[in-house]
Every structure is written in structure tokens, then in C-alpha cells.
Amino acid sequence: MKLVRSGLSWVYVLLIFGFILMPVVSLVVFSFQATNLPVPPFTGPSLRWYEALFADSRMIEALRNSLVVGVVSGFFSTALGFLAAYGLARYRPRGARAIRAIVMTPLGVSYLVIGFGLSVTANELALGRSLVLVTLGHIIINLPLAFAIVLSQMRDEDENLEKAARDLGAGEWTVITRVAIPVLLPGIMAAFLLSFTLSWDEFIIAFFLADFDVTLPIEIWSQLRTGLDAKTNAAGTLVFAISLVALTLAYVLNRAVSQRSRRI
Amino acid sequence: MRKTQLTVSMAALSTSAFLLASCAGGSGGSATSSGGASSDAPQELNALVWCDHTDPELLAPFEEANNVTVNVRDYEGTGVALGILEQSQPGDWDVFVVDSVDVPRVAEAGILAPLSKDDFDFDQFFSEVQLPEIHELDGTLYAVPEKFGYNTVAFNGANVDAEKMRDLSFLWDPELAGKIAIYDYYIPVMEFVGLELGIEPQNITVDDLPAIEARLVELKAQSAQVGDVVSTQTALATGEVEVIVGGGEFSTSVLNAENPDLDWILPNQGGIRWQQAIGVLADSEKQELATKFVQYIVSPEGQAALATSSCYWGMPANKNATLTDEQKDILRWDEQSDFIANSYPYYIPDADLDAAMLDVWTRVVVG
Amino acid sequence: MEHQRRWQGWVLVGPALLVTLALFAAPMVMVVLTSLYRRSGGLTDRTLSFDNYIRLATDSTIHQALWNSIEVVALTVIFSTLIAYPFAYIVAYKVPQKWQALVLLLTVVPFWTSYVVRSYSWLLVLAKNGVINQTLVSWGIIAEPFTMANTRFATVLAFVHFFVMVSTLTIYASLRQIPRNLGLAARDLGASPLSVFLRITLPLSIPGVVVGAFLTFVLAIGDYITPQIVGGGNELVLPQLLMLQVSRMGDFPLAAAMALVLLIIVAAVYAVSAKNLTLERKR
Numbered sequence: 001m002k003l004v005r006s007g008l009s010w011v012y013v014l015l016i017f018g019f020i021l022m023p024v025v026s027l028v029v030f031s032f033q034a035t036n037l038p039v040p041p042f043t044g045p046s047l048r049w050y051e052a053l054f055a056d057s058r059m060i061e062a063l064r065n066s067l068v069v070g071v072v073s074g075f076f077s078t079a080l081g082f083l084a085a086y087g088l089a090r091y092r093p094r095g096a097r098a099i100r101a102i103v104m105t106p107l108g109v110s111y112l113v114i115g116f117g118l119s120v121t122a123n124e125l126a127l128g129r130s131l132v133l134v135t136l137g138h139i140i141i142n143l144p145l146a147f148a149i150v151l152s153q154m155r156d157e158d159e160n161l162e163k164a165a166r167d168l169g170a171g172e173w174t175v176i177t178r179v180a181i182p183v184l185l186p187g188i189m190a191a192f193l194l195s196f197t198l199s200w201d202e203f204i205i206a207f208f209l210a211d212f213d214v215t216l217p218i219e220i221w222s223q224l225r226t227g228l229d230a231k232t233n234a235a236g237t238l239v240f241a242i243s244l245v246a247l248t249l250a251y252v253l254n255r256a257v258s259q260r261s262r263r264i
Numbered sequence: 001m002r003k004t005q006l007t008v009s010m011a012a013l014s015t016s017a018f019l020l021a022s023c024a025g026g027s028g029g030s031a032t033s034s035g036g037a038s039s040d041a042p043q044e045l046n047a048l049v050w051c052d053h054t055d056p057e058l059l060a061p062f063e064e065a066n067n068v069t070v071n072v073r074d075y076e077g078t079g080v081a082l083g084i085l086e087q088s089q090p091g092d093w094d095v096f097v098v099d100s101v102d103v104p105r106v107a108e109a110g111i112l113a114p115l116s117k118d119d120f121d122f123d124q125f126f127s128e129v130q131l132p133e134i135h136e137l138d139g140t141l142y143a144v145p146e147k148f149g150y151n152t153v154a155f156n157g158a159n160v161d162a163e164k165m166r167d168l169s170f171l172w173d174p175e176l177a178g179k180i181a182i183y184d185y186y187i188p189v190m191e192f193v194g195l196e197l198g199i200e201p202q203n204i205t206v207d208d209l210p211a212i213e214a215r216l217v218e219l220k221a222q223s224a225q226v227g228d229v230v231s232t233q234t235a236l237a238t239g240e241v242e243v244i245v246g247g248g249e250f251s252t253s254v255l256n257a258e259n260p261d262l263d264w265i266l267p268n269q270g271g272i273r274w275q276q277a278i279g280v281l282a283d284s285e286k287q288e289l290a291t292k293f294v295q296y297i298v299s300p301e302g303q304a305a306l307a308t309s310s311c312y313w314g315m316p317a318n319k320n321a322t323l324t325d326e327q328k329d330i331l332r333w334d335e336q337s338d339f340i341a342n343s344y345p346y347y348i349p350d351a352d353l354d355a356a357m358l359d360v361w362t363r364v365v366v367g
Numbered sequence: 001m002e003h004q005r006r007w008q009g010w011v012l013v014g015p016a017l018l019v020t021l022a023l024f025a026a027p028m029v030m031v032v033l034t035s036l037y038r039r040s041g042g043l044t045d046r047t048l049s050f051d052n053y054i055r056l057a058t059d060s061t062i063h064q065a066l067w068n069s070i071e072v073v074a075l076t077v078i079f080s081t082l083i084a085y086p087f088a089y090i091v092a093y094k095v096p097q098k099w100q101a102l103v104l105l106l107t108v109v110p111f112w113t114s115y116v117v118r119s120y121s122w123l124l125v126l127a128k129n130g131v132i133n134q135t136l137v138s139w140g141i142i143a144e145p146f147t148m149a150n151t152r153f154a155t156v157l158a159f160v161h162f163f164v165m166v167s168t169l170t171i172y173a174s175l176r177q178i179p180r181n182l183g184l185a186a187r188d189l190g191a192s193p194l195s196v197f198l199r200i201t202l203p204l205s206i207p208g209v210v211v212g213a214f215l216t217f218v219l220a221i222g223d224y225i226t227p228q229i230v231g232g233g234n235e236l237v238l239p240q241l242l243m244l245q246v247s248r249m250g251d252f253p254l255a256a257a258m259a260l261v262l263l264i265i266v267a268a269v270y271a272v273s274a275k276n277l278t279l280e281r282k283r
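Protein chains in written order, with the numbering used here: chain A, 1 to 264; chain B, 1 to 367; chain C, 1 to 283.
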């Protein structure tokens with residue numbers, strides 16, 4: 001009986017993985033299609049769509065824009081989220097619950113509404129659409145997450161470390177940069193990584209706020225709307241590859257950093 | 001020690017990101033839009049267009065010859081374009097590609113800049129598309145015809161009998177149930193449905209709308225999807241549907257190379273003829289450059305590229321477009337005079353009828 | 001000293017609050033304001049009126065779109081939860097501890113592909129001559145390819161695909177927090193495995209289920225891309241109707257009113273589930 005249940009479990013897991021992987025495998029496989037349409041039969045393998053992708057200056061520029069927006073908005077979300085979490089946990093200002101509620105509120109609002117709201121506001125202020133606006137949009141959607149992640153990592157025990165540092169004469173800035181941040185580094189990096197990821201593939205807010213300098217999801221969307229070929233498959237696979245690299249890099253760095261932090 | 005580790009980690013992360021972007025972008029040529037502070041940084045021209053103008057092969061010759069970057073934003077439906085213009089500041093846009101039938105109201109609204117007829121050789125254009133009565137206002141030229149085609153039926157000749165498609169009523173036949181895609185542009189499709197009911201486009205009034213709506217609802221029940229240019233093309237190409245209502249050569253010519261069975265036809269009841277024109281915006285701060293672009297688009301070479309552009313093909317307005325014989329075959333070049341005779345140009349309703357038609361359409365589509 | 005500390009606290013928290021005010025609160029106020037404007041004669045008329053709200057209350061097209069949204073999202077939440085729960089359970093209890101993180105990672109990694117391209121891939125996988133149909137036909141399971149793409153089924157399927165992953169993570173987190181000894185103690189006292197599950201595991205994992213369901217609801221009801229790409233334009237959901245107002249009709253005031261409807265729905269659902277919306281261990 002237990003064996004049957006065990007067997008059933010494994011079948012279920014395999015089914016789930018099959019389900020999850022289906023569109024992704026199709027995406028990757030047909031990026032190597034030799035003919036135009038990314039539908040069966042598979043006529044590859046061919047690298048022509050990757051060549052087309054790298055020769056497509058609009059895609060490459062969009063890729064670059066996405067990376068810049070991701071890194072910049074990730075940095076600011078994480079920095080602001082960290083400062084707010086630290087301020088809240090260590091200084092316990094009055095109205096802490098209200099502060100927490102305010103910072104977290106954007107999480108409950110659909111990206112569509114946030115993007116629409118920012119676009120209407122920008123229009124009223126006669127601010128032209130731009131990547132700067134997109135970056136701002138991504139900051140506001142990731143700030144609550146960065147804040148929550150860092151806050152959840154703050155432990156009361158670490159406060160003693162900071163108190164000790166202060167007793168030894170360290171100023172507030174030193175306490176933050178040399179004690180708090182190193183201890184919280186795994187959480188900070190997780191926050192940055194999550195913010196970057198959510199910004200990097202975000203479509204609707206960027207769609208509302210970008211001008212002619214677009215992010216990768218927008219360029220992919222545009223190309224899907226103006227022509228049918230496997231080049232977008234190549235783009236999707238590339239996004240996948242970059243994400244894998246970034247994830248691996250972050251995982252390796254995170255382990256290296258956490259191991260050092262644990263030695264405190 | 002930890003700080004060095006931290007700095008090094010962050011530096012490594014950011015550097016790798018930028019390196020990845022730069023080395024991938026190196027081959028792509030980066031001197032284009034953002035940031036170049038060099039003395040010969042290219043000028044920019046902003047164009048509001050139908051998606052067939054976004055093809056890099058169309059834009060590249062002009063960009064290289066004039067050291068310009070042409071930024072394009074595409075739209076589907078004049079209403080959308082007007083919405084974009086309304087949301088923009090004066091000077092944001094330089095070139096406007098717009099349906100010929102919308103030129104009168106757009107010119108009257110002061111959106112388009114007057115053009116000089118001396119800049120264009122009208123003898124090169126097919127006489128049927130010149131239409132001075134809509135491209136000119138009080139004798140002043142406001143837009144130049146550039147491309148035309150048909151909203152009719154496109155279909156997969158391997159699975160659907162071309163002869164049956166000559167009767168528009170066949171679209172409602174149970175044989176085609178679930179095999180139709182409807183092109184999502186309300187004016188031509190509703191007028192096309194009107195043709196089946198015996199109503200000519202220029203005679204459509206609000207009173208005709210209930211009948212058209214009823215017929216449209218029946219058509220929707222037959223259809224598998226409602227979509228834009230590319231999603232209907234995809235559906236036809238992947239065998240999801242066999243017919244595109246409102247489709248035409250613009251749906252199938254792009255796919256012809258891979259599947260020559262994909263074809264289009266004008267039924268006996270007729271079809272709707274679309275025509276695009278191109279003009280310069282009155283608020284543009286680069287009138288001269290914009291006019292040059294217009295001249296390029298209507299030149300023989302520009303017209304050949306536009307006729308066979310990646311989003312959809314169509315007949316060039318210029319008879320001398322440098323197309324190959326094979327391309328002319330696909331576009332049914334020799335049959336054009338028959339087609340023109342058997343088709344009706346879009347009829348653009350006045351604002352009230354337009355709003356009413358759009359309401360009907362939205363009701364039918366939302367389901 | 002305390003006084004100074006409190007003040008410093010505000011300095012640290014200040015920037016985040018200001019950013020939230022400028023980039024979130026102000027735009028939301030703007031949305032409310034815009035919803036009170038009107039579109040007339042092709043331009044935005046800034047005189048305040050409730051026209052859009054009257055329209056919301058009376059226009060059946062809008063009601064239909066709203067209803068479509070709720071149905072699609074409800075189906076998504078139900079199926080995602082039903083499919084994710086056993087999976088999360090298996091990972092939490094049947095997979096050896098040291099492999100659990102890896103299994104979860106493998107579950108998440110496929111979603112590192114571009115959302116737009118992934119949706120489009122679903123369209124092609126579900127197509128009449130796509131992978132699924134071709135396989136079923138060649139194995140003789142069906143005679144003719146059947147229609148899956150451009151339907152509500154496709155939209156729900158594509159949504160479920162993504163949200164199974166989300167719910168798996170939240171349910172797993174909840175299951176992991178259940179102290180092992182609770183189940184063990186119950187078994188010692190004679191309870192059957194089914195009883196342990198129904199009376200201990202399941203109730204204690206509800207927070208994970210609720211968080212997953214809530215996230216699914218919020219993200220799905222505001223999603224424009226998936227219905228637009230795989231839904232085939234056959235029935236529109238509220239985000240699509242909103243975008244139609246923005247792009248095709250230029251009717252920002254009406255779009256703003258619709259945006260507020262979305263906001264209110266999410267707020268209502270939040271209010272109902274707020275108590276359970278935490279993954280923190282209940283001390």
C-alpha cells in the first residue's frame with residue numbers, strides 16, 4: 001500500500017513537472033527552428049534565429065535597457081526597503097504599524113492599475129514617458145517586497161551586536177554599514193535579486209511608461225504583434241539563460257557571504 | 001575583509017550584467033537613439049504608423065542615407081492614433097501614416113501640415129488611388145497615398161473551396177463553424193457584413209446597425225477568435241482557423257512563402273478596400289526631414305519595401321515600385337483593376353455613427 | 001536619548017514613505033480624480049461628474065467583462081490550489097529533506113523565461129497543429145485535433161500553469177512550519193494517517209493555502225497579457241476592457257473608473273482573508 005502511494009506520488013510529481021515544462025521546452029526547442037514558424041514539425045536545428053536576434057539592434061538595446069532598469073530599480077528598492085526595515089525594527093518610531101501598512105499597500109494593487117495611475121499622473125504633469133518613469137514604477141512595486149524581506153530577517157539578537165558597537169563608540173552610520181548590513185546581507189541580496197527579477201520581466205507598467213527606449217518584454221511584445229517568426233523564441237530562451245546565470249551567480253555569492261556572516 | 005567581499009561581489013554582479021549587454025550589443029550597432037554625445041549624432045524622426053512601417057528593412061535605407069533614426073510607434077485603428085496624439089505634446093511626432101478616408105477630418109482638425117504638390121510625381125501613382133478629393137483640402141495637399149489592399153476573406157485553399165468563398169453568405173455556413181477568425185477592426189468588418197445584407201458602406205445608417213449586429217453575433221458564434229493582424233495570421237498559419245473575415249492579401253502574402261495554399265478572394269458581393277496615406281504633422285519641428293521621409297516612402301524603392309513589409313503586404317500606390325515578378329504575382333498585380341472595380345473604399349461614419357458602431361462591436365466582442 | 005532614537009527612526013523610514021506617497025498615493029488620487037472626468041468630443045472634459053460610475057452601474061458590456069474576470073479567476077484559484085496542494089504535500093513530506101530545495105528550485109526555474117514569450121508558447125502548444133494535438137492524434141487517442149487555443153480553457157490553463165508554482169511555494173512554506181511532533185503524538189494516541197491529515201495538517205496549512213489563493217487572485221484579476229495572447233479575443237476580461245478604453249477609445253476617465261473597480265474588488269477580498277494572510281509561525 002505504501003509502495004502504491006509512493007508510486008502515485010512519483011507519478012504525480014512527474015506529471016506536474018511535465019505540465020510546468022511543456023511550454024518552456026517548446027519555447028526553447030523551436031528557438032532552433034530552421035523555417036519561419038515556431039510550430040511543428042521541427043525543421044532544425046539551426047542558429048539562424050539567434051543570429052537574427054543578436055543582429056537585431058532594437059532587441060539588444062531593449063535587453064540593455066531592461067538590465068539597467070532592473071539593476072537601478074532593484075538597488076533603490078532594496079536600499080529604501082532596507083533603511084525603512086532597519087528604522088522600523090531598531091528605532092520603533094510611533095505609528096510603526098501605520099508605517100508598515102503604508103509601505104506594504106502597493107502590494108495589493110494590480111500592476112495594471114499602478115501603471116495606469118503613474119501614466120495618467122505623468123500626463124497631468126506634462127512629464128514625457130521615459131525609462132526613468134519605468135524605473136520609478138518598478139521601484140514602487142518592489143519596495144514593499146524588499147522591505148518585507150529585510151524586515152523578516154531582522155532578529156532581536158542582532159541588536160545586541162549593534163549595541164555593542166555603539167558602546168565601543170561607533171557612530172550610527174558606522175553601525176549600519178559595518179555591522180547591520182553585513183549581518184543582513186543574505187536578506188538584502190535576496191531582496192535585490194527578487195526586485196531585479198520582477199523588474200526585468202515586467203511588462204504592463206513598462207508598457208504604460210516607456211517611450212521609444214523600451215524594455216525587453218515590450219520589444220518582444222511589439223515583435224510578436226508585427227511579425228510571426230521564431231526570433232521571439234530565441235529572445236525568450238535568452239532571457240531564460242540570463243536569468244539562470246544571474247540566479248546561479250546570486251546563489252553562489254549568497255552562500256559565500258552567509259558563510260562568512262555566520263562566523264560572527 | 002567582509003567589506004571587500006561585499007564590494008567585489010556587487011562589482012562582479014553589475015559588471016557581468018553590463019558586459020553581457022555590451023558584448024551582445026557590439027555587433028548590433030549602438031550609435032542609435034540614446035545618449036551619443038558625438039558631433040554627428042543622428043537626428044531622430046518620430047513616426048506614428050501602421051505596423052507595416054516598423055520593418056527595419058524599410059527604414060534602414062532612409063536612416064543610412066540621411067543619418068537619421070526613425071522611431072516608430074504602431075497602432076491599429078485611426079481612433080487609437082488620435083488618442084495617442086492627444087496624449088502627446090506638440091512636436092512629439094513628425095510623420096503620420098493614416099487611412100486615406102480619415103485624411104479629411106484629420107486635415108480639418110489641423111493635425112496635418114500642408115505639403116507641396118511639386119515634391120511628388122503624381123503620374124507615378126495608380127489613378128484610382130490618387131483621390132484628390134480626400135487627400136486635398138481647398139486645393140492644398142495634406143497627405144500622399146502610399147499603399148492599398150482589401151479587407152475581404154483570406155482562407156486556406158487546401159481546406160476551403162475557393163469557389164464557395166465567392167459567396168459571402170458561405171461564411172455563415174455550418175461547414176465553417178469554429179473555423180473562422182475575425183479581424184479586429186470594426187469599420188471594415190462591419191461594412192463587410194453590411195455588404196452581405198445588401199447594404200453598401202456609404203449608405204450605412206444607425207438604423208442598419210441592429211441588423212448588422214445580429215448578423216455579426218451569428219458570425220461570432222461561428223468564429224474561433226477575434227484578433228489583430230498577426231494573431232489572425234498565426235491562427236491561419238497554424239491551422240487553428242481556415243478563414244479570416246476581414247483578411248486579405250495583407251493576411252496571407254507574408255505567409256505565402258511557407259504555405260502557398262493561403263489565399264484571398266473578393267466575393268461576388270464585393271469587398272472593402274483600405275488605403276493608407278502618409279503625411280507630416282503640423283506641430284513637427286522637423287518638417288523638411290519629415291517631408292523627405294514621405295518622399296522616400298513613395299519612391300519606387302521605398303514602395304517596393306513597403307509593399308512587401310514584414311507585418312503585412314499590400315499594393316503600392318506607385319506603379320513603378322521595384323517589385324519582382326514573383327512578388328507582383330503574390331499581390332495579384334494584374335487583377336487589380338478588376339478588384340478595384342469590385343470593392344468599396346472604407347466609408348468613415350460621422351462621430352455619432354462611429355461611436356454607435358464601436359459600441360456594437362465592443363458588445364459583440366466582449367461576449 | 002530615546003527621543004533622539006525615535007527621530008532617527010523617522011529619518012530612516014522617511015525616504016520609503018515619501019517614495020510611496022509620490023509614486024503610489026498620488027497616482028491613486030489621480031486615478032480617482034480622473035474617474036470623475038468625462039471623455040467628450042474626443043477630449044478629456046475636466047468637469048467633475050459621476051457619469052462613468054453611472055455607466056459602470058448600467059452598462060451590460062462592463063458587467064459581462066467583470067463577470068468574465070471573476071469566473072476565470074475563480075476557476076484559476078480553485079484549480080491551482082487543488083493541483084498545488086498534493087504537490088506541495090509530496091515535496092514537504094515525501095521528498096528527502098536535502099532534495100526539497102532543489103525540487104522547489106526546479107519548479108520555479110522554468111518561470112524564469114519571459115512571461116510574454118511563455119504565454120505565446122502556450123498558444124502554439126495548444127494550437128490545432130501544436131504539440132499536444134499532434135501527439136494525441138499520432139498515438140490514436142483522438143481522431144481529429146480539437147480546439148484548445150483561443151478559449152477560456154486556454155486562459156485558465158496558462159494561468160494555472162503559473163499559479164500552481166506560486167501556491168506550491170506558499171503551501172509548502174506553511175506545511176513546513178507544522179511541528180512534526182504534533183502528527184507523531186496524534187499517531188501515538190491512535191489516530192489514523194487520514195485523521196492526522198484532516199484534523200492537524202490540513203487546518204494548519206490553511207494559511208499557506210489562503211496566501212497562495214490571495215496572490216493568485218490579485219495577480220490574475222489584474223492580468224492583461226495572458227488573456228490577450230491565448231484567449232483569442234472571444235470573451236474579454238476587465239483588464240482587456242480597460243486597455244481597450246485606453247488604447248482604442250482614449251477614454252481615460254472610464255478606464256480610471258474601471259481601475260477603481262479592480263482596486264475595490266481586491267480590497268474586499270483582502271478584507272475577507274486578512275486574518276489568514278500571514279505565513280509567520282503563530283507563536
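I should point out that these hints are in silico values taken from the structure, not numbers from a laboratory.
It cannot be assumed that every hint is accurate.
Sample of chain B residues lacking proximity to chain A, with all beta carbon distances greater than 12 angstroms (derived) [said to hold, decoys possible]:
no.	residue
1	C51
2	S88
3	L195
4	E335
Now the stretches of chain C that chain B is said to cover, found in silico as 3 or more residues with beta-carbon under 8 angstroms [claimed, not checked]:
no.	region
5	108 to 119
6	231 to 240
None of these values were measured; they are calculated from a predicted model.
Yeah, the Cβ is synthetic: ideal placement off N, Cα and C, and Gly gets one too.
Can you give the numbers of the hints that this structure goes against, from lowest to highest?
1, 2, 5
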